[in-house]
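Novice: For the record, the sequence lines run as chains A and B.
Going by this note's numbering, the first sequence opens with residue 1, and the numbers climb by one from there.
Going by this note's numbering, the second sequence opens with residue 1, and the numbers climb by one from there.
Just to be clear, a hint being listed does not mean it is correct.
Given that identical chains are not distinguished, each listed pair holds provided it fits within a single copy or across any two copies.
Said to hold, decoys possible - Keeping only pairs whose Cα atoms sit at most 20 Å apart, straight-line, the calculated SDA-like set for lysine to any residue is:
| id | residue 1 | residue 2 |
| --- | --- | --- |
| 1 | K35 | G130 |
| 2 | K229 | D54 |
| 3 | K35 | T11 |
| 4 | K229 | D3 |
Simulated from the structure, these hints should not be mistaken for lab results.
The structure displayed is predicted, hence computed values, not measured ones.
Protein chains: 2
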Amino acid sequence: MQDVDYVSGRTRIYGIVGHPIEQVRSPEMFSASFKARGADAILLPFHVLPADFDRVVPALMLMPNLDGLIFTIPFKQQAMALADAIGPNARIVGAINALARQAGGGWKGEIFDGIGCVEGFRQAGLSFAGKRVMLIGAGGAGSAIGVAIAHEGPTSVRVFDPDTGRAQDLIRRIGLVDPAIAVSYAEPHCEDTDILLNASPVGMLDDARMPISIDRFDPTLVVFDAIVKPEMTPLLQLAAQSGCRFIQGRQMMLGQISKMTDYFGIVAPPA
Amino acid sequence: MQDVDYVSGRTRIYGIVGHPIEQVRSPEMFSASFKARGADAILLPFHVLPADFDRVVPALMLMPNLDGLIFTIPFKQQAMALADAIGPNARIVGAINALARQAGGGWKGEIFDGIGCVEGFRQAGLSFAGKRVMLIGAGGAGSAIGVAIAHEGPTSVRVFDPDTGRAQDLIRRIGLVDPAIAVSYAEPHCEDTDILLNASPVGMLDDARMPISIDRFDPTLVVFDAIVKPEMTPLLQLAAQSGCRFIQGRQMMLGQISKMTDYFGIVAPPA
């Protein structure tokens, strides 16, 4: 029996809290991110039943070698009450997906679902500043994306969701972030649009549909899809065929992991 | 960034609970034991402050993907209250170092410090049945060893500790396990002795002393030392020079890991 080299008494602990838990990918992806930065840290699946949340999670936070938690379904709203300091996205969205121990004591919370999208664009050399955006989908992911890009100074954001109530709710939140943005409800379109964002589930897995009815994009349009599987959704396939620049769900996911690893206080070694 | 292969959403969680925690070796050793048996399971350091024990540990036990806990200093006595079923050693010693989720519900607790000694002997083809034993040291380790070997049917056990009160306490406990054992207090000696056990700290690290004053052992004597560092204590060096069979602290430790991994329900794959 050989010793393992990935955990010791000194290893710093992080966890993802959810119900169910077996499907989450954060343990391997964040543990890899920590390892890539040379940190002796690991992220584990913490399965917490909804009825036990208020008893278990504050107790986990009492362990001095636990430095951060990720929250997934169904806990993102409920977790916000655990944070002593709330980030600018979480304040508007009303939910957190990351809780980090602060150096000075206490815990800070933020939601990175949308920040990951902005970071994915940034790593591709693209920005939302001064751009006209069409956002399809105002659910959990769409709301977080809408709020995050609203911090980046777009000229206009048009929001579509078949549930017009939640579209209007997101429109209101975007206005709270930056009243200078021209934000309105619109059916999916790409006229007078610089960036098309899909945050709806249309095109996921075996779904061959497009979230917008169109045969060809203008090649100057930038197209994003939040869907991770498949990597090339029908929307992104059309973007590629049209000669557009496009950003995949995986790039948003990697952007989110990078920003959350920063937030957890795990810094990259000097190059 | 490459994914790591040692943790996922399906990984079963185990922990060692202690204060302090950084010095513990269980995370790497048990995680290696689990891996050697092909289990998707990991053991982590859970640092719990004494004032938080009653709040944190019962909360950890509410997580459905946490299957077992190890307890180290200063929690072995306090942890016993968490077990629904108490093993035969723990019942006599009054402490547990392992708590395992039972298939039928609830948790079982046992102390393996002494069981590891018995297992180390068993793996070396040696038994305590019908043997005359001299045990030096009646502290935490000595008590656990005394109680564990008392379950193995020795003819006699003589106990020494400079604290005669705790030696008498262990003598009483051994009598509770098996009234047929001739158990008494004695200064360290090896006349009329088949097995000499050192469970005192004498000989640890740079301590060049022997726990018994002697120049040479009868080669039929079996000598054991619970000390892990150094691997060859002065006592074991003399045993080797005398041509005796001897069992090292490391063998006890590996025996304990093996028996605790069994207890945690992680079975070896078929050979």
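Novice: So, for every hint listed, does it hold in this structure?
Specialist: A quick look at each hint next to the structure:
no., hint, result
1, K35 / G130, "neither (37 Å within a copy, 53 Å between copies)"
2, K229 / D54, "neither (33 Å within a copy, 43 Å between copies)"
3, K35 / T11, "both (11 Å within a copy, 18 Å between copies)"
4, K229 / D3, "between (36 Å within a copy, 17 Å between copies)"
In this structure, the earlier hints numbered 1 and 2 are contradicted, and the remaining ones agree with it.
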